[in-house]
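Given chain A, put chain B in place with the hints provided.
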Amino acid sequence: MKSKVPAYPYFGWMAVFTIIPMLFVLYFAFIGDDGQFTLDGFRRLADPYMIAIFLKSLWLALLTTIICLLIAYPMAYILSRMKLNTQRTMMLLVMLPMWMNFLLRIYAWMMLLENNGLINKLLGFIGLGPFQLIGTTGAILAGMAYNFLPFMVLPIYSVMTKIDGSLIEASQDLGCNFFGVLRRILLPLSFPGVITGITMVFVPAASTFVISQRLGGGELMIGDVIEMYFVGAEPNFNTGASISLVLMLVILIGMGIMNLFDKDEMEGMLI
Amino acid sequence: MKKVGSKLYLGLVFLFLYAPILVMIFFSFNASSSKYKFTGFSLRWYARLFNDSALMEALLNTLIVAFLAAVLATVLGTMAAIGFHNMKKRSRGIAMNISNIPIINPEIVTGVSLMLLFVAVLRPMGLQLGFFTVLLSHIAFNTPYVILNVAPKLRQMDKNLYEAALDLGCSPVQAFRKVVLPEIMPGVTAGALMAFTYSLDDFIISYFTSGTFQTLPVYIYSLLKKPIPLSINALSTLLFLLVLTVLLITNIKDIRQSRREARGLAG
Chain A
1 MKSKVPAYPY FGWMAVFTII PMLFVLYFAF IGDDGQFTLD GFRRLADPYM IAIFLKSLWL
61 ALLTTIICLL IAYPMAYILS RMKLNTQRTM MLLVMLPMWM NFLLRIYAWM MLLENNGLIN
121 KLLGFIGLGP FQLIGTTGAI LAGMAYNFLP FMVLPIYSVM TKIDGSLIEA SQDLGCNFFG
181 VLRRILLPLS FPGVITGITM VFVPAASTFV ISQRLGGGEL MIGDVIEMYF VGAEPNFNTG
241 ASISLVLMLV ILIGMGIMNL FDKDEMEGML I
Chain B
1001 MKKVGSKLYL GLVFLFLYAP ILVMIFFSFN ASSSKYKFTG FSLRWYARLF NDSALMEALL
1061 NTLIVAFLAA VLATVLGTMA AIGFHNMKKR SRGIAMNISN IPIINPEIVT GVSLMLLFVA
1121 VLRPMGLQLG FFTVLLSHIA FNTPYVILNV APKLRQMDKN LYEAALDLGC SPVQAFRKVV
1181 LPEIMPGVTA GALMAFTYSL DDFIISYFTS GTFQTLPVYI YSLLKKPIPL SINALSTLLF
1241 LLVLTVLLIT NIKDIRQSRR EARGLAG
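So the sequence lines, in the order shown, correspond to chains A and B. If you read the first sequence in the working numbering, its first letter stands for residue 1, the second for the next number, and so on. If you read the second sequence in the working numbering, its first letter stands for residue 1001, the second for the next number, and so on.
Treat the hints with care, since some could be wrong.
Below are the PhoX-like pairs computed for lysine-lysine, each with C-alpha atoms no more than 20 Å apart in a straight line [claimed, not checked]:
#  : chain 1 : residue 1 : chain 2 : residue 2
1  : A       : Lys-162   : A       : Lys-83
2  : A       : Lys-83    : B       : Lys-1088
3  : A       : Lys-121   : B       : Lys-1035
4  : A       : Lys-4     : B       : Lys-1089
5  : B       : Lys-1159  : A       : Lys-4
6  : A       : Lys-121   : B       : Lys-1003
7  : B       : Lys-1003  : A       : Lys-4
8  : B       : Lys-1037  : A       : Lys-4
9  : B       : Lys-1153  : A       : Lys-83
10 : A       : Lys-83    : B       : Lys-1035
Just so you know, these hints were derived from the structure itself, not from any lab. Small disclaimer: the values here were computed from a predicted structure and weren't measured.
Next comes chain A alone, as it looks inside the complex:
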């Protein structure tokens, strides 16, 4: 028990299945099909069309994160102030959709949003529409927010349950109004959960594929582009690896900045 020998197999494992694959991404990002050094992949990424896709992906991920945060924060607060047994049931209900494969959840949204889908039918009853819902940016955002909402609720809820209710009462007794309580008690104490939630939503949202293809009417996000270059009709590992590398760096830098605000983010990540 005093020895580190039991970890040796995993050291070998990490070398082969974590570090070497990363080195392969790095290698292919700079080496073309002919085995020569090239910057073609990065040149293709610098194309205005590609930059627009990249920025749009980050922008949509940011909007998704904000939507999730706005929905999840009050929700987590309300849940954390309920009776203990009710809380348990409610959290079960929040997590339940998350355990269904995300492809099926996307399919459900496709059904709801289609031109003669349920939402347009309901709007038809009150004399509205039909609206073009599927194939819009709104549809992508709805699908992504739906998909990632539980990842925002869980970490915020888990820090909210630790906030002592008497702190809130004390601040109210001392003259804090609603915004005072929010600004002076809730936000500072729930901040680590918020940071964890933001990273848990933003990272998968920025790199997602499938969602935009299916709900956005063939609109591409950066994940779709990476998919295309690796398993599409005309694969180009060089370009795909270049884009993956840049995506990874952008996200790692973003997370590094977030980490400056929060020390033990891994604890919150364990659901």
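This is chain B only, laid out in the frame that chain A set:
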């Protein structure tokens, strides 16, 4: 007034979360092949589902991969967590950071990087992506979660317990089996369960490393290309009920256990 507002808000969020699923469940019993018009109750989509041999094969593949990946990741991860625990703080920090790369990285990058490794190794040998590459990938992204579950249990454990066992005549292996393992067991099982469910659910990494081998999520993805067969509603309903049952059982067990603990404290 405030309470009514909270309840209304929760209700709306739950409507957002469940409306899509309920619509799928409702239409899974539709007699006609219309996606939007409910013409009558029937189980024809369920019958079609069970006659879909490709789907049944994908389901079996998923279960085999998830089971093997969970078992192997749990063994590898538990050993790693024990080894990490005995390292100096600094080198442990570095090891944990490398270990966590698959968790932090966007899934698509992990998938692509593993695909590049497998293609580079297999192509010269004339081999294809398939069952083994999926299994290896699943172990790779599951093991860090096992470590994250086991490590806190090791930290909480009293250091002297192991040494006491040795002093009392246990061999190191006996001491591990009789003292350490029972202490960290909750973390080990939690890690194994997490690994199993993540493995069942994984689409992105499997997609890049599976070749022609199909797991259930990869098969579902192939269905999402138009026209979508309506049996997908029946599939969603069954999976939803399965997840609901499993969660209810574990939850009831939790509640019973916490009651028992509460009673124990009171007595």
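Against the structure, the hints:
Distance check on the hinted pair: Lys-162 of chain A and Lys-83 of chain A sit about 14 Å apart at the alpha-carbon level, within 20 Å; holds. Straight-line distance between C-alpha atoms of Lys-83 of chain A and Lys-1088 of chain B comes to about 43 Å, which puts the hinted pair past the 20 Å bound. With a C-alpha separation of about 12 Å, the suggested pairing of Lys-121 of chain A with Lys-1035 of chain B holds against the 20 Å cut-off. A distance of roughly 12 Å separates the Cα atoms of Lys-4 of chain A and Lys-1089 of chain B; the hinted pair therefore holds under the 20 Å criterion.
Note on Lys-1159 of chain B and Lys-4 of chain A: the hinted pairing holds, with a Cα-Cα distance of about 15 Å set against a maximum of 20 Å. For the proposed pair Lys-121 of chain A and Lys-1003 of chain B, the alpha carbon gap of about 33 Å is over 20 Å, so the pair is violated. A hinted pair counts as satisfied when its Cα atoms are at most 20 Å apart, and Lys-1003 of chain B with Lys-4 of chain A does not qualify at roughly 54 Å. Only pairs whose Cα atoms come within 20 Å are accepted, and Lys-1037 of chain B paired with Lys-4 of chain A is rejected, the gap being roughly 63 Å.
A threshold of 20 Å between alpha carbons decides the hint, and for Lys-1153 of chain B with Lys-83 of chain A the separation of about 28 Å lies outside it, so the pair is violated. Straight-line distance between C-alpha atoms of Lys-83 of chain A and Lys-1035 of chain B comes to about 41 Å, which puts the hinted pair past the 20 Å bound.
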